[in-house]
Structure formats: structure tokens, C-alpha cells
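The residues making up each chain are set out below.
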Amino acid sequence: MKDEKNSLLVKIIYSIIFVLLIYFIIVPVFSVVLYGVKTETGFGVSLNTIARSFSLLKNSLYISITVTLISTVVGLILSITLNRVRFLGRSTFKVLALLPFVNPPFVGSISFIMLFGRRGLITNKFLSLDVSPYGAHGIIIIQILGLSSLAYILISSSIKKFDTTLEDSARNLGANEGKIFRSITLPLMTPEISNTALLVFLASMADFTTPLIIGGSFQTLASDLYIQITGVYDMKSASVSGIVLLIPCLIVFIIHKYYRGKKIYFSDENLSRNIEYTTISSKTSYLLITISGIFLFIVFIKYFFIIIGAFTEQWGYNYNLTFKHFESLFTRQYKPFINSIKLAVVSALAGSFLGILSAYLLKTKKLFMSKFADFAATLPAAVPGILFGIGYLVTFKYPILGIGRWVFIEKRPLLLLGTGIIIYIITTARFINTGLRSGYALLEHINPDLEKASHNLGSSEIYTFRKITWPLMKDAFFASYLRNFSSGMITLGAIIFLLLPSNKVAVQQIFQIITSSSVGEAASMALFLSIITLILLGIFYLLIYFGKNDKASNIKEIFGSIFSN
Amino acid sequence: MNIKIKNITKKYEDFYALKNINLSVEDGEILALLGSSGCGKTTLLRIIAGLIKQDEGSIYLDDTDITNLSAQKRSTTMVFQNYALFPHMTVGENVAYGLKVRKIKTKEIKNRVRETLELVRLNGLENRKIQELSGGQKQRTALARALVVEPDVLLFDEPLSNLDEKLRLSMRQEIKRIQKKTNITSIYVTHDQKEALAIADKIAVMNKGEVCQVGNISEVYYKPDNYFTADFMGHPNIIKRKVDQSNANKKVRLLKENIDIDTEKEIVYILLRPEDIEIADNGIEGNVLNKEMIGSIIRYKVEIDDIIIYVDKLNKFENKEYNIGESIKLKYNKKSIHIF
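Residue numbers (this note's numbering), protein chains in the order written: chain A, 82 to 646; chain B, 775 to 1114.
Next up, chain A with everything else stripped away, as it sits in the complex (with noise of 0.2 Å):
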């Protein structure tokens, strides 16, 4: 039950959440659409530009397709290998499983260069071959290899809370191990299957920068609008890309934002059951064991690939030992590093403060247009990031927050854009979803009469928030910020045009030095990135859950249905 009538705070607070989610999500997106369709005289858009978007949205299309399918079905056998099949070497599995997850999708471009590019190790060297690896196939492989992993949490924070019992029942009534995988596990797990799918399409819509680095001549959508605002300074054209990459992302985010939920049969009863396989047979467990292996051992050459490139003097010329890539690193280049730090922990603070906040408000209280607040908050999941970064490039040139182009004409303007605090607040912005999932996920276990027993034992409702709601609500803000830490580390997509040379990012730096084909030196960077993400969530970590077992088994529950949501 949601409360009736609400206090004045809980009104303002509101209020506040209500207009920032419009200024900050609603209005940038709403003004690329604009901005594409507007002309001089009125609305419209050339044929020649929706002819090339339409050519571009193909690539894309085929890319994301083609990828989707490939790393759903990796991170489906992926799941169920490792989470269900008992063998040795399960954990150092599941940590390379787990690991393209803290990258930026791009940087196993690192590895691909180096062992199929012009000068690669395998290309060039074994093969002596002179052939261009750039191309569709290349980002295909490089964004499987990423998404994967992404596929892999997904399913497996589902497959956790499989009911097994429902498998045991159809083997009591008689069915073989293969029966019951087709006609029960498989049928029980498509809802979350087909969400992971989504998410997957999404991601792979919006990584920009793998066509950009091995693409060579072929772009796609997000790639393009890069291409057009940084090279040709396009913005007409980049608009009218934009528009057409947001169409099939909208239509998939819908369909999973209001298709999906009705048709989920998991239970919280079955959080704690042994999903392990007791009856699986040898063979095939090790067909599915040798699948994870194979694909593992790519993932785990990229990796050692990555660490080669990082210590040697330049690839395919001159293959010394070197530190000279840390060394300028440490000299340097440190300061995008820690900016990096800088605006994931703030951002990430932000982002899942807000989002908590706005779960408990939407949740528990009656409000006004909620719905609307509800879907404004999670537009930035469906919205690519370089996409919704052009939306702030054209609402934020205009002054106070992009409002004032129709008030102040003539006084000097109050702009945001070119201000250091805009990619603080972007990725604020993106991340209010995730703390509004996690905080949804949450309040389902909560009993909505706590609040009411505090009210009701004379508290006020600053009190209760702080006493009651807000310690029960804190494992969902922490998994949300984990969550959110993680992506701030390697977000780029929106905050690219934005940046300054003076906030420049980590994940930007290695982009352009990956461009400018310096593969040493971006491997370095790539690695030094990985690890200090790693140590940072493990000190995270630590500092949230030290010496509190029981809690850190609740949060990897909550952490697993953020993805999922």
C-alpha cells in the first residue's frame, strides 16, 4: 500500500527529483530528435541524409544482431557451466569470465592489432600475410569478447535463483536429463534470457569506438555520429544518425521496460538452494566445460596479449622489454587517471543516491505523474551515451541549462557546456537508473509496514528515513554505487564531446592513443586501468562489508538483479 497523503518534504524532495530527471534526461534527448528534424522553414530532413543513415543503421544492425546472438548463447553456456557444473578450476573460470566486465569494450582492439593487424604477430609474422583484418568481423569478435561477459552476469544472477525442485519434479515423473533441459530450464529461463538479449543489442548498438578503431570503412550508426561531429563537424547529419540509432533502441528498451515481468517465474524462496547439477552426465559436462574453455582461453589471450604489448618497445618492429610505457604513465599521464577516479566515485555517489532516493519515493508514496519520473529515470539505459551526449551538446550551449536560449537573448549567457561540472552531471544522470533498479529490487523485500510501525510509534518520517527505511536501503545503494563505479571507470560515450583537456579521461586517452595506433603505450594504460578499477572495488569492498559475511551474500543478490531489472 502506498501511502496517501504526503508531507511537504516528501513533496519538495520530489519536486526536485521531477524537474532534474526532465532538464537532465528528458530535454537532451527530446533536443537531438529536434535538432534532426528542424530546418530553417520548418521540420524535415534531406533524402540523401536518411538514405546514409539508413546504409549505416544496417552495419549496425547486422553487427549488434549477429552479436547478440553469439554472446547470449556464450554467456548462456557460460552461466550454466559455471554456475552448475562442478569441476576444477571453477574459480579461475569464473574470474576471466568476469573480467572484460571492468574494460571499456574497445580494448581488446589492443590484442586483435597485435596479433591480426598489419604488423600482427599472426598475419604478418607466422602467416606473412599483407591483409587488412579491419573490417565487420573485427568488431564482432572484439564485441563478443566484451559482451560476453556482460551475458554471463546476467544469466547467471538468474540462473541463481532457478528453482531446481522443478527439475527434479519432471525427473521424478520420468524425463532425461535432455527433456528436462529443453522442456523445463530452457522455457523457465527466456524471459531472463531474452533480457539479457535486450541488453546485449543495447550495448553493442552504442559502442562507437571498436568500428572506429578496427572497422576500417566499415561504420556504423554510433561510430558515424563520432565521425560527423569530430571530423566533419556535421551536427545535421550526426542528429539525423542519431535519430535513426535511437528508433530501434527505444523499441527495444520499451519492449523490455513493459514486456518483460509478466511472465518471471522465479521465487525468492529458492535464493539459497544448491542449483548444482547432481545427475549430469560426463559427456556432457565436458562438452560444456571445453565450450567455456575455449572461449575463456580467448578471453584469457587477450588479456596476456594486453600485458605483452604493455612491456614491449613497439609492436611489430621492435619486440625489447620495456617499462618506457609506464614510465611515461606515471610522469606523464597519471592525471586522466585520477580523473577517472574522480568522476566515477562522485558520479557514482550521485547517481545511486538519486536513484535510491527516487526508488523509495515511486515505490512507497502516491505522486504525482510517477510513471513518467519512473521511465525518465531509466531513458538513459536506452539511450546510447554518445547520443545522449550530442543531446547535451545542443541543449547546454544555450544558457541556464539549456531553458535560457529563450529567456536571456541578450545578456552574456550562463552556459554549462565547457564547464567541468557537465560530465559530473551526465553520468549522474545515466546512472540514476541503476540505483533506481537496485532500490526497486530492494523495497520488493521489504515490508512496507515498517515505515507505517515507525510513524505509528510516533517518529517523524526525517526520522524513519534515517532509522528505519534508510539502513534497510543501504545494501541497495552500495551495490548500486559498486555497479556504478565500475562503469564510471570506463564510461565515454557521453561525456567525449564534452570533456575538457583539463578533465580529460582515462578511457578517452587510451581511445585516442589506440587511434593513433601507439599499441604499447594503450595497452599499458588499458592494464593500468584495469587494475586500479579492481583494487579500487576491492578496497570498495572492503570498506562496505569487512568483517560482515552475511551481508556481502545479500548485496551479490541485489548486484545480480540490478542487471537483470
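Check the hints yourself; a few may be wrong.
[Unchecked claim] Keeping only pairs whose Cα atoms sit at most 25 Å apart, straight-line, the calculated BS3-like set for lysine-lysine is: (1) A/260 to B/877; (2) A/260 to B/903; (3) A/241 to B/827; (4) B/903 to A/338; (5) B/1065 to A/260.
[Claimed, not checked] Quick partial rundown of chain A residues pointing at chain B, CB under 7 Å, derived from the structure: (6) 247; (7) 250; (8) 253; (9) 254; (10) 257; (11) 268.
[Stated by the list, open to error] Listed next, with one range per pair, are the computed distances between beta-carbon atoms: (12) A/536 to B/895: 27 to 37 Å; (13) A/176 to B/827: 28 to 38 Å; (14) B/956 to A/623: 51 to 61 Å.
Because the hints were derived from the structure by calculation, they are not lab data.
This one's a predicted model, so the numbers in the text were calculated from it and none came from an experiment.
Even for Gly, the Cβ is constructed at its ideal location relative to N, Cα and C.
Chain A is fixed; fit chain B onto it per the hints.
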């Protein structure tokens, strides 16, 4: 079919979930495994179904050893505690599942599903989704799904624990009716002694992975042979006494009287059921410490010397009520006590 369980042992690391269990159930009989949670009763049921592998021991169905048969190949269907109905299938599809797996012809499947749904009184609900069913209907569907394959043995894992009191009472009659009608040998796990008494022909009381006592319901109820069983069957007056061996005739002291007994034990328990004690004009004097009105009976807590005795009195209109603090006189038939 009869089922024999021989020397079943199951260990989880250092913990014995089951210790050397021996049980047998005759053809058409229903055996209740009764015990509190964690006593191993569900583990035993799952071992019989083949869903858990035992460490030692064997299981026979009509003298056929099924110990090493996989779960799929045993004809021991189970009604699961939370029903374990397939949520993505309709009632009809759930019931038909076991038949489809057995590759039975579609037409026959249809007929058998219909008949079975009639038997459990769910006719007409074939196309309902599981989510649309009430608790009782889910229970009936789970029962139908297990029955339809005509199993050798039916296994029930606390099937009524998720239902409310009223539904539980009517469902346990239903289960008994259907079990008697189909005459399928059954094993029924429960922690509720009343349910066990109402449903079973035979009860095995379990504690800490061991069977304390097996017998038909009157044996277990009237003649428990150990403290755990007596206590678990809900008997409140179990009095521990040292046997007086000073004379040739051994005696124990109970309610100001000496009772002759014939035992080798030094310590015995005396079971005196509260419904066997009467409040009379003359008898053993006691003091009412408390009284509880529990529907059809009033239970008095009476202190006699050093012991507390509970006395049940039918809550009839014409019966006199006694108040707390009042002194009353009790008598009982010495034949009604059970000493073990």
C-alpha cells in the same frame, strides 16, 4: 507393491542426515514419516525417489532392488512441498507431462488426464494457468500429476504445509480418499502428528536421522516406547519416575499412590493421557493452577505434590467449571496408564 528400505545411511560431511534406516510399507498401505524439521524425513523421501543418493543401504520394490536405478527410471512419483508445478504450463500440460515423457499416444494421454482430473475433482480446469489456481487447486494438480502415471509408490513431501487450517483438514481427507481408491502404496512426510494420525495406516516417528518407533497409529499413539515419540504425539503428562526396587514387587509412585510394575529398568516414564483423568467427588486432591478453554475441551493445569498434571474435560454445557486456585479431586483408571 510393497517397498522395503534397508540400512539407509546418508552423511553430509560429519553430520548424519540418516542413520541406518529400516522400514517397510505393505501394498496399498500409507506410511507417515513423522518428525520435526531437520530430522531427515524429507531426505529419506528424496532418497526413495532417487533424487538424492544414499551413502549406504538399499531399497526394494516387491523384492526388486531399485537402489541403483536413476530417478527417471523409478516409478515413485512425488507430490512436492511447494507443489513444484511447471509455471509455464497449464494444469492439463502439467498433468500430461509424465505421460508425454513416457511417449504415450496423444489420445490416451487426453483420456487419462481427464480421468485423473476428475478423480482429484479438478474437471474443467485443464486449460487454467498455474498462477490462476488457488492453493488447494495447486495441491490437487500436483497430486493429479503424480497419480496419472500410475506409479508403484506415491511420495508426499509435507503436501499440506502451505495451506490454511480449514483447507488442510479437507485436503487430508481427500488424499486419504484418493489413496484408498487407487490403492497405491504411499509414503507421507509430515511434522504434524494430527495429520499423520488422520492419514496414515502406519507411522514412523523420526528424530535426528533415526527412526524412534514404527507401528500402526494406535500403537504409536497409545503405546509409545520412548520419550521422544510420546512427547511428539502430543501427550502432556509424561512423568519420569525411579523404580522402587526395595521389595520383591517393583513399584513406582504416581499421584500419591504406589503402582506395581514389572520392568528391568531403573527409570521409567509413565504416560497418563489428560482425557483419561476425571474430576470426581473423591479422589486425589490437587490444586488448579491454570485453565485454558480450547474449544471443545477445557484443559486444567493441576498441581499434585511435586508434579503438574494436565486434565482435559469436555466443554459440555452441563459440566461444572473449576476456577484457578480451587482445590479439586482427580481419579483415573490404572489400566489407562502406559509405562515404558
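Consistency of the hints with the structure:
no., hint, result
1, A/260 to B/877, "12 Å, holds"
2, A/260 to B/903, "22 Å, holds"
3, A/241 to B/827, "23 Å, holds"
4, B/903 to A/338, "24 Å, holds"
5, B/1065 to A/260, "60 Å, violated"
6, 247, "5 Å, holds"
7, 250, "4 Å, holds"
8, 253, "5 Å, holds"
9, 254, "4 Å, holds"
10, 257, "6 Å, holds"
11, 268, "5 Å, holds"
12, A/536 to B/895: 27 to 37 Å, "47 Å, violated"
13, A/176 to B/827: 28 to 38 Å, "31 Å, holds"
14, B/956 to A/623: 51 to 61 Å, "60 Å, holds"
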